[in-house]
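Colleague: Sequence:
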Amino acid sequence: MGDVSHILATIGQEVEDADEESFLLFSQDIPSSNLGFVDSKASAVDITIHDREYTIHQSPTLLSSSRAGGTTGAVLWKITPLFASWLSNTSSNPLWTTEHLTPSSTIVELGCGISALTALALSPLLEPQGTNGHYIATDQEYVHRLFRQNLQSNPPKATSKASSSSGIKKGKKQQKASAAISQNDAAQLNPHQNITFTSLDWETDHPETLKQQIAAAGEEQEAGEEFDPGFDLLLSCDCIYNEALIAPFVRTCAEIARLRPSPSAFTESGSKSGRKPTICVIAQQQRSPDVFEAWLRETMRYFRVYRINDDALGRELGVGSGYLIHGLVLRD
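Going by the UniProt record's numbering, the sequence shown runs without a break in its numbering and finishes at 332.
Among the hints, a few may not be true.
Said to hold, decoys possible - FRET-style restraints, in silico, Cβ to Cβ:
#, residue 1, residue 2, range
1, D311, D29, 19 to 29 angstroms
2, R145, P124, 21 to 31 angstroms
3, H6, E316, 44 to 54 angstroms
4, S288, D310, 20 to 30 angstroms
5, D332, A42, 41 to 51 angstroms
6, L24, P155, 39 to 49 angstroms
7, D39, S199, 20 to 30 angstroms
8, P248, D290, 15 to 25 angstroms
Don't read these hints as lab results, they were simulated from the structure.
Every residue gets a Cβ at the ideal spot worked out from N, C-alpha and C, and that includes glycine.
Could you build the full structure based on these sequences and the hints that come with them?
Modeller: Laid out in structure tokens, this is it:
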């Protein structure tokens, strides 16, 4: 298992100056992606990731509404399938090849939106073990209904067969019928048992309680296991588009990262504690250099920032693609 310094060296070069980074990135030719929607008028879009087809339901009506608090999470954005595909490539993504991510990892996403696409792509790679092997998706409550619908519309490959055979066995043996009904109801609401959605307000909520949602969703902590409130990976995809959001967003990232040991503590004793520092991976479409630079300045107050290199990202997400991917690790 590689330590954090090795992982960061694999990810790319550390950003030392916000002005220089912004100038370098925005002086490139940037392909036009309009606002960045996949199809803002369709009620459903079909997406393929690693030969797996997904149908994603969305809400053009909600997107165009005047809902207070924003509506950008109501539809799928172009960067999300690319980001989900890159993250779920276990053979080339440095987070997997360095074993920072493993089947027992816990992942949290900020601003997941309605699609559930990143969660759907990563959840088959996670194996629930107590409170580990789990994906927590967070956003405002208004996305919850469509998020749940997209989980139901894209069940795990073996879910239907496994559920029906399991139901037959229980029927024959007549074992705890009421409990079986309850479990089946839960599976219908969320066939992906290692994905949990919870609302999270970056300005008012307390991220340290996020992982308690796993137990509430039915994943009991294993006997004798010390509760770990932290996460191996924090993800965010295309949430940086408004300067007013920057401070609460970055503060929330920092609060979540502080739930785990600092990078130096892991280097010295992480092999004993088994708890890795949280790595944050922030993806965004190139739009406003002013907003990007404001985000980077604020982020560098709390984190060391690494622009993930093109070798690790590939052509579709590398420099000049119109998308930016940065890795963050909390400063000591």
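Colleague: When the hints from earlier in the document are held up against this structure, which numbers fail?
Modeller: Checked against the structure, the only hint that fails is number 3, while the rest are satisfied.
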